[in-house]
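With chain A's structure known, arrange chain B on it following the hints.
Number of protein chains: 2
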Amino acid sequence: MVSLAGGMPYVTALPLDMVGELVSDLVRQRGPVALQYGSGQGDPHLREQICDFMTLEGIEAGADDVVVTVGSQQALDLITRIFIDPGDVVLCEGPSYVGALGTFSAYQAKVVHIAMDEHGLVPESLAQTIYALHTAGQRIKFLYTIPTFQNPAGVTLNVARRQQVLDICAKAGILIVEDNPYGLLGFDGEPMRALRADNPDGVVYLGSFSKTLAPGFRVGWALAPHAIRDKLVLAMESAVLSHSSFTQLAVGQYLATQPWQEQIKSFRELYRERRDALLSSLDFLMPPGVTWTRPGGGFFVWATLPEGLDSKAILPRAVAERVAFVPGTGFYADGGGARNMRLSYCFPEPDRIREGVRRLAGVIEQEMQLRDTFGTGSAPDHPGVDTPGPDLA
Amino acid sequence: MVSLAGGMPYVTALPLDMVGELVSDLVRQRGPVALQYGSGQGDPHLREQICDFMTLEGIEAGADDVVVTVGSQQALDLITRIFIDPGDVVLCEGPSYVGALGTFSAYQAKVVHIAMDEHGLVPESLAQTIYALHTAGQRIKFLYTIPTFQNPAGVTLNVARRQQVLDICAKAGILIVEDNPYGLLGFDGEPMRALRADNPDGVVYLGSFSKTLAPGFRVGWALAPHAIRDKLVLAMESAVLSHSSFTQLAVGQYLATQPWQEQIKSFRELYRERRDALLSSLDFLMPPGVTWTRPGGGFFVWATLPEGLDSKAILPRAVAERVAFVPGTGFYADGGGARNMRLSYCFPEPDRIREGVRRLAGVIEQEMQLRDTFGTGSAPDHPGVDTPGPDLA
Chain A
1 MVSLAGGMPY VTALPLDMVG ELVSDLVRQR GPVALQYGSG QGDPHLREQI
51 CDFMTLEGIE AGADDVVVTV GSQQALDLIT RIFIDPGDVV LCEGPSYVGA
101 LGTFSAYQAK VVHIAMDEHG LVPESLAQTI YALHTAGQRI KFLYTIPTFQ
151 NPAGVTLNVA RRQQVLDICA KAGILIVEDN PYGLLGFDGE PMRALRADNP
201 DGVVYLGSFS KTLAPGFRVG WALAPHAIRD KLVLAMESAV LSHSSFTQLA
251 VGQYLATQPW QEQIKSFREL YRERRDALLS SLDFLMPPGV TWTRPGGGFF
301 VWATLPEGLD SKAILPRAVA ERVAFVPGTG FYADGGGARN MRLSYCFPEP
351 DRIREGVRRL AGVIEQEMQL RDTFGTGSAP DHPGVDTPGP DLA
Chain B
1 MVSLAGGMPY VTALPLDMVG ELVSDLVRQR GPVALQYGSG QGDPHLREQI
51 CDFMTLEGIE AGADDVVVTV GSQQALDLIT RIFIDPGDVV LCEGPSYVGA
101 LGTFSAYQAK VVHIAMDEHG LVPESLAQTI YALHTAGQRI KFLYTIPTFQ
151 NPAGVTLNVA RRQQVLDICA KAGILIVEDN PYGLLGFDGE PMRALRADNP
201 DGVVYLGSFS KTLAPGFRVG WALAPHAIRD KLVLAMESAV LSHSSFTQLA
251 VGQYLATQPW QEQIKSFREL YRERRDALLS SLDFLMPPGV TWTRPGGGFF
301 VWATLPEGLD SKAILPRAVA ERVAFVPGTG FYADGGGARN MRLSYCFPEP
351 DRIREGVRRL AGVIEQEMQL RDTFGTGSAP DHPGVDTPGP DLA
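For the protein sequence lines, the chains are A and B, in the order given. The opening position of the first sequence corresponds to residue 1 in full-length UniProt numbering, with each subsequent residue numbered one higher. The opening position of the second sequence corresponds to residue 1 in full-length UniProt numbering, with each subsequent residue numbered one higher.
Excised from the complex, chain A in its bound form (with noise of 0.2 Å):
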C-alpha cells in the first residue's frame, strides 16, 4: 500500500542517536525536574526559546505570552472551548484542517467556509461573508485560518491579502486565530511574516514543534493577547494540570544544543524532493480534466478531479488497488469536497510516490470511463470505508 494519506512527518529523518543521547542526559543532569509536574503554561526556559523561534517569522514577543499545550491541537481546543458557546460562528478556509472542524463541531460551532483560490484565502468573500452574518445577526467568534502551506490545500496567502485579511477583520473586531505547523516549510525563499507579526492584539498565533521536530513530544503552543493568555493557562490547568515537563524540556535541549535550523533546511529538501516526485508525476500520469495545486511548502496537494467524479467513492477502488488518499468532504463542514482529494508526499519516499500516482492515475481513469459509459462512477457512501479520523490528518 501507498499511503497518500497520512500527514505524518518523516521524523525518520532526525540523528536518532543524538536524540536519544539528549533525551538521556536531560533524566541524568535534570531528572528531578523533568520528571516532576510543571506548570500550567508551560516551562519558562521553553517559552523564551519558542519567542526566539518565531522571530523567523517576525514575531516579536515575550515568553509570558506563550502557553505550551499538549500540540497545537490542543490549543484549538482550549481557544474553542473559551470563545465558542454553541451556535456562534467560527470562519474556515474551505477547505480546512480536518482536526479544526472536529473540534469547532465538538463544542457545537456552526463553521461557515471562505473561498480560497491559489493566493489563499479570498479576502472579498471573506468581507462578504462577514457583511451577511452580521446582517443576518449570527455571531462570529474567530477566523480561524492556515495561511501558509495551507492543510489541506497547500496554497498560501500572499503578502498583499495578508494586509487585507488583517484589515477586514481589524474593521470588523473579529479575532483571528492563526494556525502555522508548516511555516518554517517552504521551499524557496525566506519564511512569510505571520499574520500575527503586524497585529499582537488581533491574532491568537498556534504553532508545533510536531513537523519542526518531531510529533511525537506533542509540544505545541498558543501565543495571546494578555486576556486570552490568562483563560487559556486557566484552561490548561483544567484540561490537564500541566503538559509534560519531560518532553517540554526535550524539546528545550534540543533548541539549545542541536543544529535546528540545519534540521529543518534537510526536512525542507527532503519535503521538496517528495513534493517534485508527486507534481512530476501528476503532470505526467494523470488524465486530462484532474486538476490540483502546487504547493511551495508544506506536505500537501489538493486534486480535483472532473465533473460527475466522487472522491470518497472512489476511494475502496484505490485501496484494492493499493493506494490511499483523503476523500475532501472531511475538509468540509458543509458537504463540500465530494470532487476532491487531499494527496500527502511528507512520508513516502519518492518512488513510493511515483508509484501511488500511477495506480490513482489508473484508478481514476477507470472510474472516468465508468461515468463516460454510465453517466456516473462509483456511487457514493460506499459502505465500509469512511473518512478518517484526525490521527491521519
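Here are the simulated PhoX-like pairs of lysine-lysine, each with C-alpha atoms no more than 25 Å apart in a straight line:
no.: 1; chain 1: A; residue 1: K110; chain 2: A; residue 2: K171
no.: 2; chain 1: B; residue 1: K110; chain 2: A; residue 2: K231
no.: 3; chain 1: A; residue 1: K110; chain 2: B; residue 2: K231
no.: 4; chain 1: A; residue 1: K231; chain 2: A; residue 2: K110
no.: 5; chain 1: B; residue 1: K110; chain 2: B; residue 2: K231
no.: 6; chain 1: B; residue 1: K171; chain 2: B; residue 2: K110
Hints in this document: simulated from the structure, not taken from any laboratory. Note that the coordinates shown come from a computational prediction; the quantities given were computed from them, not determined experimentally.
For chain B alone, coordinates are given in the frame of chain A:
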C-alpha cells in the same frame, strides 16, 4: 520555607541513571515510533500493561477498554466534557480534590458534597442526598470519589462501605467515577480492591503513573465501559489528537524492563516514614483542640482547627514563619473547610516535616491566644494570599 502544601511525589528517589538509559534506548531502538503521532486511544501495548497493573487492585479488564490520557486529570476533564451539561449535579466527597472541583466548575456542574468520616464516604449520607436531589428534580450525572487515601482527607473507604456505595449508586442508576492515584501507596497490607473490580459496567476508573513512577511523563488513563470508552476516544482526538508516543513508550519500557513493584515498595517505605514524622510531630506539638486524620497511605493529612480559627487567614502568618499548607476552603465547592488545612508529607524529608510542624504549631498557638484575647483569630480574606492553583494540589 517548609512546604506542607504541594502534592509533588518525591521523584528524586527514582534511579535516574536507569531512567536515562531507558529513554535513550527507546529513541535508538524505537525512535521512528516514539517520535511519531500515536493513536487517540493510546499505545496498544501500554494499554495491556495497564490492565496487568490494575490486577493488583482486583480489576479484570481488556486493553480495548483503556484510554491513555495526559495524566488522570485529562481523563477527568474528558469525562466531565462528555457527561455534564450546565447545572447537572456531580456528587463529591466533602472535602474533595481541588483539581476535580475546578474542572467540574469549568463545565458549570453543580457540586454537591457527601459527608465523609474516618472510614470514608458515609453511605447513609450518599443515599439521603441522592433521594433529596431526585425529589427536587435535579439531574445527577455521577459520583466522583477517591476511595483510597483520599486527597485531601487522607481517609479510605472501608470494605463494607465499598459494597454499600456500589449498591446505592447501582440502584439509583448513578455512574461512579473512581479516581485512584494513590491506591498502591498503602503502608500496611495488600492494596484495597477497587470499586471498579466489583462493577465493571457502573464505574469509570481513573488511574495514573504520576505517583507510582513520575508525573513528568503525564501518563494516566481511564478504564470505562464500551460506550463511554468510545466517546472518550473521540473526545481525546478532538482535545489533543493523541498523547505523546514518547512518554507512553517510556512508561511501557519502564514497566517491561524494570522492577517497578520494588520501586513502588520503596516509595511506600519513603512515604510511610514521612507520614510517621508528620503524625508523631503533630501528636507531640499541636495544641489541644487541633485534630487530624491518620492516613494509611497516600500523601495527605487533613487537620481541623479549633472553633474560631480560619486556616486561610492564618496562612500569611504561617508563610512569614516559613511553613506553608493548603487552606481547606479550596477543597469544597460550597464554602466549607474554613477550619481545615491539608498537610502533605510526600515531598519534604522527615526532619523538615518535623521542623514545619514545629513552626505551624507555634503559629496556631499564637492564633488561639489571639482568639482567647480578642474573641477571634486573624481576619479571613487577608489580601495577597489565595488558595493555591491545582498545580500545588
